[in-house]
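Produce the complete structure using the sequences and hints provided.
Residue numbers (numbering that gives the first Met the number 0), protein chains in the order written: chain A, 0 to 240; chain B, 0 to 95.
Careful, some of the hints might be misleading.
[Said to hold, decoys possible] Simulated pairs of lysine to aspartate or glutamate, DMTMM-like, Cα-Cα distance not exceeding 25 Å:
{"hint": "1", "chain 1": "A", "residue 1": "K168", "chain 2": "B", "residue 2": "D92"}
{"hint": "2", "chain 1": "A", "residue 1": "K2", "chain 2": "A", "residue 2": "E236"}
{"hint": "3", "chain 1": "A", "residue 1": "K2", "chain 2": "A", "residue 2": "E219"}
{"hint": "4", "chain 1": "A", "residue 1": "K168", "chain 2": "B", "residue 2": "D8"}
{"hint": "5", "chain 1": "B", "residue 1": "K60", "chain 2": "B", "residue 2": "E72"}
{"hint": "6", "chain 1": "B", "residue 1": "K76", "chain 2": "A", "residue 2": "D31"}
{"hint": "7", "chain 1": "A", "residue 1": "K168", "chain 2": "B", "residue 2": "D55"}
{"hint": "8", "chain 1": "B", "residue 1": "K60", "chain 2": "B", "residue 2": "D8"}
{"hint": "9", "chain 1": "B", "residue 1": "K76", "chain 2": "B", "residue 2": "D92"}
{"hint": "10", "chain 1": "B", "residue 1": "K76", "chain 2": "B", "residue 2": "D55"}
{"hint": "11", "chain 1": "B", "residue 1": "K76", "chain 2": "B", "residue 2": "E52"}
{"hint": "12", "chain 1": "A", "residue 1": "K168", "chain 2": "B", "residue 2": "E52"}
{"hint": "13", "chain 1": "B", "residue 1": "K60", "chain 2": "A", "residue 2": "E215"}
{"hint": "14", "chain 1": "A", "residue 1": "K168", "chain 2": "B", "residue 2": "E72"}
Keep in mind that the hints were calculated from the coordinates and are not lab data.
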Amino acid sequence: MIKELSQRLLGPVTIVLLALTIWLGLWVTPPDRIQGNLVRLVYVHPSVAWVALYVSFGTATIASVLYLWRRTRSMAVDRIAHCAMEVSVLFIALTLITGSIWGRPTWGVWWAWDARLTTTAILGVLALGYLALRRANDDPVLRARRSAVFAVLAAINVPIIHFSVDWWKTLHQGATVFTVNGKILIHGSQLWTLLISFVGFTMLFFWLLRSRYRLEVRRELVSSAALNEALATRQREGATK
Amino acid sequence: MSNAEAPLDLTPVAPPKSSSRSRWRSIGVLVVLALAILALLSQGLLHSLNYFETVDQVLAKRASFGTETMRLEGVVKPGTIERTSNGASFVLDGSG
Numbered sequence: 000m001i002k003e004l005s006q007r008l009l010g011p012v013t014i015v016l017l018a019l020t021i022w023l024g025l026w027v028t029p030p031d032r033i034q035g036n037l038v039r040l041v042y043v044h045p046s047v048a049w050v051a052l053y054v055s056f057g058t059a060t061i062a063s064v065l066y067l068w069r070r071t072r073s074m075a076v077d078r079i080a081h082c083a084m085e086v087s088v089l090f091i092a093l094t095l096i097t098g099s100i101w102g103r104p105t106w107g108v109w110w111a112w113d114a115r116l117t118t119t120a121i122l123g124v125l126a127l128g129y130l131a132l133r134r135a136n137d138d139p140v141l142r143a144r145r146s147a148v149f150a151v152l153a154a155i156n157v158p159i160i161h162f163s164v165d166w167w168k169t170l171h172q173g174a175t176v177f178t179v180n181g182k183i184l185i186h187g188s189q190l191w192t193l194l195i196s197f198v199g200f201t202m203l204f205f206w207l208l209r210s211r212y213r214l215e216v217r218r219e220l221v222s223s224a225a226l227n228e229a230l231a232t233r234q235r236e237g238a239t240k
Numbered sequence: 000m001s002n003a004e005a006p007l008d009l010t011p012v013a014p015p016k017s018s019s020r021s022r023w024r025s026i027g028v029l030v031v032l033a034l035a036i037l038a039l040l041s042q043g044l045l046h047s048l049n050y051f052e053t054v055d056q057v058l059a060k061r062a063s064f065g066t067e068t069m070r071l072e073g074v075v076k077p078g079t080i081e082r083t084s085n086g087a088s089f090v091l092d093g094s095g
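Okay, here's the thing in structure tokens:
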């Protein structure tokens, strides 16, 4: 009952949190001393980046590891990895787009080949590569195994992205919340709004993942039913000859 | 004897070639992926791994820099910007 209730509430709670983020971000929080109203993108860009790098790609990686481990291997975890990676592509694209919108007036350019941006673009290419690899393999078991190995290897890029602003001198600013020394560099209503946006976009990911997963289950059932129907037709044809 | 009573033919058949085809398709995907990543890396990290120099670094290598174009990190001191015929001159504070 709790599971059903939480599944029913996932969508409405996500909408409420995102609406709260929009209200706080646009009307309640103050503009920045230097960036002015441009700073309001801080309530979108870091949150979608958090989901892209850690939540969605992380979910796909963990599900892939679970598939590769014999004890937890199942087509369900493979399905989770696949669906999570699809949603990850969406959030990586949103990260790059919102970052570009923010970069144009602050840096003067839509794009710069600095370490953070380049490695994030590579992550997007890797996520698309995962999906392409799945399409290249018809056998479900082979597809699951190869894509799981690929996802685990691709995840090496995530800590590189995270630490790129510390390892190299980058145009992209350093961490605001998850800093190396633990000091949080944003305060007051901006911090609360940022945290609400993190939770809201995280829940959005799980909402999208659940929807995509259910769609994938239905798609497999339909194709399985179609295959069974085709086999039955063939058997009937064989019996009448 | 009708077809329903005929014995089942259980002779092993050769497996379809789908696994080798999918292996080549997978290799193709990985090759394209590797090329795309190499292209991104060559654009990004080889030229911009360290996106800028600091004032202290430039001062330490002042003799060897010459007229090289560079990206420099620092804060412009207020009131020091002077427009020149080919740009501007200003004082940059790199103490952070």
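Okay, the hints, checked on the actual structure:
no.	hint	verdict
1	A/K168 / B/D92	holds (17 Å)
2	A/K2 / A/E236	violated (46 Å)
3	A/K2 / A/E219	holds (24 Å)
4	A/K168 / B/D8	violated (70 Å)
5	B/K60 / B/E72	holds (15 Å)
6	B/K76 / A/D31	holds (21 Å)
7	A/K168 / B/D55	holds (14 Å)
8	B/K60 / B/D8	violated (83 Å)
9	B/K76 / B/D92	holds (6 Å)
10	B/K76 / B/D55	holds (16 Å)
11	B/K76 / B/E52	holds (18 Å)
12	A/K168 / B/E52	holds (8 Å)
13	B/K60 / A/E215	violated (59 Å)
14	A/K168 / B/E72	holds (9 Å)
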